[in-house]
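Sequence order for the protein chains is A and B.
Count the first sequence with the numbering used here and you get residues 6 to 540, in order.
Count the second sequence with the numbering used here and you get residues 87 to 836, in order.
Treat the hints as calculated values from the structure; they're not laboratory data.
One should not assume that every hint holds.
[To be verified] In silico contact screen, one side only, chain B against chain A (beta carbon under 10 Å); selected entries: (1) S210; (2) L355; (3) I357.
[Claimed, not checked] Simulated coverage check for chain B against chain A, where a stretch passes if three residues somewhere in it have a Cβ under 8 Å from a Cβ of chain A: (4) 99–108; (5) 246–260; (6) 496–503.
Here a beta-carbon is modelled for each residue, glycine too, at the ideal position from N, C-alpha and C.
Given next are the chains, with one letter for each unit.
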Amino acid sequence: MKKTIVLLLLVSMVLLTACDVAGPNNQPTNAPDATGPTTSGPSGEKVTLKAFQWALGNQQTDFNNLWFYEELEKKTNVHVEFEPVKEDDWDTKINLMFASGNWPDLIIRGQVDIEEYGVTQGIILPLDDYLEEYMPNYYPRLSMNNSNASIPASDGKTYFIGNLTAQNINHDGNHYINKAWLDNLGLEIPTTIDELTNVLKAFRDNDANGNGDPNDEIPFIGADLIHQTQGLYNHFANFGVPLVRWVYACIDDDQNVVFPGYLPGFRDALEWFNMCYEEKLLDPESITMDSNVWGTKMNADLCGYTTYLRLINTALTPEIAENYVSIIPPASKYGVKVPRILEVAEFGAALTVANKHIPETLKWLDAQFETETMMTAVNGPVMPGGPIDQCMKLNDQGKYEVLYIPENNGLYQYVPVTQGQFFAPGDYYFDIYQMPPHRVERYNSSKDYEAAGVLEKYSFDYLNRLVKMNNEDSLEKTRLFNEIEKFMKESITNFITNGVTDASWQNFLDTSKEVGVDKYIELYQKAYDNYLANN
Amino acid sequence: MKKFKFLSIFSRYIISYAAVMAILYIGVGIYVSKSYHSAIQTSIVEENTNRLSSLRMQHEQKLSLLLRIANQLSLSPYISPFKLADNPMKAYQLKQQLASYNSADVFFDQMYVIFHSDDYLYSSSTTVPLDLFTNKLMTYEQLSPEDLRSLLRKKDDKIAILQNYNVQSVLNTNPNKNMITVIIPLRLDGRFSIGNVLFQIQDDSYQKMFSDEIHQSRNMYIFCGDSIISAIKRIDVPDEVILNSIKEKEPEEKPFRELIIDDGTRYLLFIQQGSVLDLNYVSVIPEETVQMQAARSRLAFALFMLLLSIPCSLLIIYFTRKHVKPIKELQQSIGVPTNSGDGFLAIRKGIESLIGQNKALHTRLDESKPAFKAAFVKKFVKCRFLTRESAVNFASGLGINIDRTYFCVSLIAAVNNAGNMLERFNALISEEADVDGCGMEIVEQEQYLFVLFADKREGLVSWANAAQQLLSSLDKEAVIAVSNIHVDYSEASRAYLEASTAYDNRFVMGNEDVLWFSDIASTAKDMEPFTRGYLESFRKALHAGNARTLNDRINDLFQILRDKKFSLFAFRIIYKEIISMLLNKYLSYDGVSIDMLHYYDTFELSRCRQVGDLVETLRQLCNDILIIEEQNACECSSVIRQVIDYIRENFTDPDLSMGAVAEKYGLSASRLSLEYKEVTGIYPSEYLLLLRLEKAKQLLANTTMPVKDVCTAVGYYDSSGFIRRFKKHMAMTPAQYRTAVKNGKIQYDT
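Just chain A, same shape as in the assembly (with noise of 0.2 Å):
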């Protein structure tokens, strides 16, 4: 009987095997393609890492694709998945990134709210314990020309890798004018305000671009009215405002921290656009349009005055970078006032708790720090037998020494530029670089900057970068930034396109108040003299 049982359960189980293998139902089953095998886990194997990137609104860089990551990958076998975002959509998509809970490996470049996400809600990951490790290349230069200043937070943690480059520029938004059309129409470069309108005035009316169109010029441009390089927002600088997107805050000189808005030359300056507005010398899309429209309306030669970052190796061509000038800004009676950057370490990359290979990934940064990838990242290739030829080579003196820039920003194509990791102390950066001609023109027009007293004498950037609030401060100043840069926005969009009366200029004092602006500056009044206090 026992036998029988047997027998009949190993019938049953060659049925029920045989079953599964050849039931006539057996049809793959509809399941989705993985994207990948996500490799991780001991060393040798290689790994792969989620990466939200932050991408230049102007440059089309292929990230996943790019020579540079490519050999990265070779050497550190770490491969990057990553996902570029565009800088006028960064704000946006980032907040929703955290908000989503889907967070990536790192965050590389762009703003990153490291109170916010690093100190309070402890997404982004405390590097304190790796970096000696990790980062031979990158963490002896934390100590040089006190590189490391902007980048401990309010907990005095380090929440990420900074990006520096060190090479004694003091502002963003530097003005140009088409000194071709100046010498078209026989003009000067225009020094005060008044000179400016009579110049624009005169591009208005003429056919300044000698196109034969005498309406197709545009006399004075901006994109994107807040951006820092050709936003209008530079243009309060000829008014005695240093007016930036970043911080709605600047400090006197008797360093007292002041609402800009509540500045002598604010109002003047709107009436100013309102003007230029009405008399069309101002592109009214100047507000709306992005840097790739203006980019093109540049390259069009159909733009006289502006600000900008530089002209060498930019959006714009070198044809019609040749037209333009740097000048001083033009001033108003109240002074110019350009707002000062500071050579702080920004945000260079971070790492979000969701990482499960942190030594894997902090030695792929590193990598990117050692000085001949890092120049490599920025100038092109330094030796033979990258896609491109040799962009650099190292000189007589034994420093880097760019050869050739690739036309209509080639590089991108191959290397990530401003958009990696790059860390280079003044003394460091002058050690090993010989500085190429955009540097040398930034440099150049730093020092005309300088020289001609235009900065503002206490940087912005202290209260942008440097002060540290404690989190509730910091809450409510974020709080607080959102609602007067929105309010910002508004007026002074408002203004330009309607001009400001009596009326709309007290209910502007009024809203401001409503909206928060002495309790904003007295946050970051109290953050200031804290931070004077200790250093």
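Given the structure of chain A, go ahead and fit chain B onto it with the hints provided.
Chain B alone, transformed into the frame defined by chain A:
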């Protein structure tokens, strides 16, 4: 067929099972194989239809999202047509508004709003003049700037979907990508066309929709009118062929159409019409797929069947062996060689032969039944059945149920010229419901002897009365005698003697009624104590192994029987008991012949008329026993032999005790006692007593020694003890014994 007949049983079983399995396999195989093709086709059709439905739903859901956005924009307060040049503030607000549609998981890559009254396009990130947009910023590979401009300017209120063109633009996330463009009219209050919304969707998003499916050779298309919006192509089918097929109207509603291209390749085409726009969702698979899958499934099924055949074969072998085993055992039991060619034929012949033998046996049995019945009756009344059960079984074999509470024995006088009386009386037995039994004829005595069994006494009585009537009808002079009614089968001989005694009393009691033994005055009860006492002394004498003593006992018996004037019956009973005891003793020896049983024959006994007739028989039996005893004694342990001799030599010594004897032969007293009993049947102390008493009797009979001296002479110090023992043994005191011998009442044979 002939060959099959001569196969071994094992092979025949295997072939039978295998044939059933094969028919089953072939049947199932043909059925499944046939049904597979249609099942697979149905499954593939279903799968493709579902896949296409899923694609359609996904796509329409996403398109609905675009339509919803356009609809929301139409209803937005910021979406009243304006000119940017006149109102940059509105442009700023619109930009802000559009930014709210940016989210991580939007289907589209870019969204632009354009008003008919304005020359700008608006997105969440920028504004851009229309000319700049079409001429410089947005380059469609197969669409001229003019065509693009006219599409953006179109006022026909219809949704336009452009196929996926390569688009180069710095405004897009990827500057060089295939894009699907959807242009949706903006209608103020849902009525007046005020502009259009342009959505650009990366073809990658479409490819994702296509790709979340199994890797089958399948092309999928989304057609809008005549153009392919997007497609995934894994097999090479010209687009025109598919387009032509879509245009053809199929008369019947089938989920798929068959498509044959120029080279003769056949395809299955699935089409679903979209519900949102003029969209057609198409998938194409080679018909080969169906064939292949059917073939694969058939192969899988064949493998499955093959796999299944292994356990089936094992089971067939297992069950065949299991079934063949008892058949082989059967063959062996009926003597057929297990390796013979046709096992079943051999079994049949064997069984037929057995049946024949059985019939012959029954015939013979039936013929010899009366003889067997006579043998049973004889054996029963001689108490030759060792147990009641063996008697019952024996009778049962003859068709007589004797397993009943009561029985009796009857003797019926033979009547001349009465035919077969035995049959008549047997028939009478079968007429009585409660009675069973059988009879035999004792020719030399002219008697019929019946043994009868019944559960109730009344049954036996009733039969006796019926037999008496029957007998009377035959011969009025004939008599019937019946024993007492007994229960114990071992009393069968006694019952016979009772019947015989009653029969012998016929002259006294007459022949009108049944002669019941119970009606004859009996002294049996009076003689029982005597019989028991005498038997005990006889037994001890026998064990003592002394021929002379035994002879004395026989003489004593003869004397007593003669003196006491027992009835014939009592005498026969006593005699039977003695013979019985002697025979038991005799039969306990190994190797004795059954022939000796003639000493004890109830029938002989019943013919004895005087005591002297039996003395000789008794003496002869005792003699035989003693000879055997003698032979056995030689074989017994030399030690015990020596002990016996020692006791014989020294029994007159008053100091002779068993302890002393044991010590002399190096044994313990208890060991000696047990071994002695084992060899001789009595304890040594009893043997010593017997020797002393015999000696005492001798001295009492032949001398005039005072009893006291006799006591001392036979080894007793204490005369009272001697007298008590003597009296117990002889049922009289030593003095009474001496007197009896002197008076000739008891013979003492020297």
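Going down the list of hints, with the structure as the test:
A least Cβ separation of about 8 Å between S210(B) and chain A falls short of the 10 Å threshold, and the interface hint therefore holds. Checking L355(B) against chain A by beta carbon gives a least distance of about 21 Å; that is not within 10 Å, so the hint is violated. For the restraint placing I357(B) at the interface with chain A, the shortest Cβ-Cβ distance is roughly 21 Å, beyond the 10 Å limit, so the hint is violated. Coverage of the region 99–108 of chain B by chain A is violated. Counting CB-CB distances below 8 Å, 0 residues qualify, and the rule asks for three or more.
With 4 residues having a beta carbon nearer than 8 Å to a beta carbon of chain A, the region 246–260 of chain B meets the requirement of three or more and the stated coverage holds. Judged by the Cβ-Cβ criterion of 8 Å, the region 496–503 of chain B is not covered by chain A as claimed, because only 0 of its residues qualify and three are needed.
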